[in-house]
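A.B. asks: Sequence:
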Amino acid sequence: MGSPPFFLLLSFVFSFPLSASPIVVISRFNTGTSLFVEKPDILISPNGDFSAGFYSVGDNAYCFAIWFSNSRTVVWMANRDNPVNGKHSKLSLFDTGNLILTDATKLNVTVWATNTVSLSSLSFNNDNLLRFFIMALMFLIFIGLEDYNSSTLVFNSLGNLSPSDDFTIMSTDYGAMLHRRLTLDYDGNIRLYSWEEERQSWVVSWQAIQRPCIIAGACGANSFCSYVIGYGRKCSCPSGYKMKNRSDWADGCELEVELSCKENESGFLMLSHVDFYSDLCLAACDCIAFEYNFTRRLTRLLNGYRSPELNGDVYLKLPKSYILSHHNPLEEFNLNCPGDGTLPSGKKSTEKFMLWFACGVGGLEIISFFLAWFLLMKTQKIRCCQASL
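Each residue of the sequence shown is one higher than the one before, starting from 14 at the first, in this note's numbering.
For the record, the hints were derived by calculation from the structure and aren't laboratory data. Keep in mind that a hint or two might mislead.
As the list claims (entries may be wrong) - DEER-style ranges, computed between Cβ atoms:
#, residue 1, residue 2, range
1, G71, I39, 38 to 44 Å
2, Q213, G71, 24 to 30 Å
3, D198, V270, 34 to 40 Å
4, D62, A126, 43 to 49 Å
5, D200, E271, 31 to 37 Å
6, S338, D72, 48 to 54 Å
7, A117, P59, 39 to 45 Å
8, K247, A385, 56 to 62 Å
9, G230, T109, 22 to 28 Å
For every residue, glycine included, the Cβ atom is placed at its ideal position computed from N, Cα and C.
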């Protein structure tokens, strides 16, 4: 029998302030009882690793959540998008097995409910994948290995994730009994985190995409994404564009010049040779660029990616006056390849000069040595001849 399943859970990796009322720690949530938002009772798992309760997410706004006890990383929320009022709202566990969250200020309207005793009802509005006993925390019900659907997803405690399509994900620390969570992060990448007890922090042990620029929308509209060694993802704007938000490069770029619909007033920032499709773009008001590999015009620049391995060329439509006013409009499109293990051309030239200089001095010393030895031997030979006479 395989390992127990794990369900995709919504994650917020931050801490919320708890209520000012005294905290009561409980280890059991019995049927027919309720947890009230005014009484910040906290459910603790038998081993103390997980906690659950009401969290404040704003002014008089609360969500019922589950979090890691040590790191206080919230891994699941029942009502993330619909917080309840801080008075008289409650979470109730009925005899039928249904778990219902109600908001008292909305005439006890049900904000969230399981509606079934099946644990699969919890697998929505979430982006975290955790080990199975987090479900046991919520209900304090320990299910056997036979009570799961192995055709959906299995994530065992050793760090092995096995979906139903035979594709296996294995963490770099596979085999260690650690707390792990598989999270869909805000940058669109899926990462597996492992908890390091010594550092008291989460460490990435696997991620789905190694090159962040291939993630859709990594840098926003009308921008280019490039990978810089030692820095990571870098977002930049093409000529004629400026950042929308200087505090957030990933928000994309916007035009800082006005495009014309007249062919004689617009041109292209040529990254390579222009082909006949350029005439179609010049006469179209909604066209801002075209790509050599495609026969269609582009009205929005999305998912821009710069890399030496790409063969496609983009021709950016700009006013002729703008192109002519810039001395080298292609300069900012040159690939930037800094990083460890590389040296600027100036330093390389200096090192080559020093190397050749050392070789030249060494060679001169060797020649001087043999020349001196030759002269010394010749002098001794002459003296011997004179002595014999």
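A.B. asks: Each of the hints needs a verdict: does it hold here or not?
C.D. replies: Quick rundown of the hints versus the structure:
Range check, G71 to I39: Cβ separation about 25 Å, and the 38 to 44 Å hint is violated. For the hinted restraint 24 to 30 Å between Q213 and G71, the CB-CB distance of approximately 28 Å keeps it satisfied. A hinted range of 34 to 40 Å holds for the C-beta pair D198 and V270, which are about 35 Å apart. The beta-carbon spacing between D62 and A126, approximately 26 Å, falls outside the hinted interval of 43 to 49 Å.
For the pair D200 and E271, the beta carbons lie near 33 Å from each other, so the given range of 31 to 37 Å is met. Hint check: S338 to D72, Cβ distance near 52 Å, so the stated range 48 to 54 Å holds. The hinted range of 39 to 45 Å is not satisfied by A117 and P59, whose Cβ atoms lie roughly 31 Å apart. Against the hinted window of 56 to 62 Å, the Cβ-Cβ separation of K247 and A385 comes to about 60 Å, which satisfies the hint.
Look at G230 against T109: about 43 Å separates their beta carbons, and that is not inside 22 to 28 Å.
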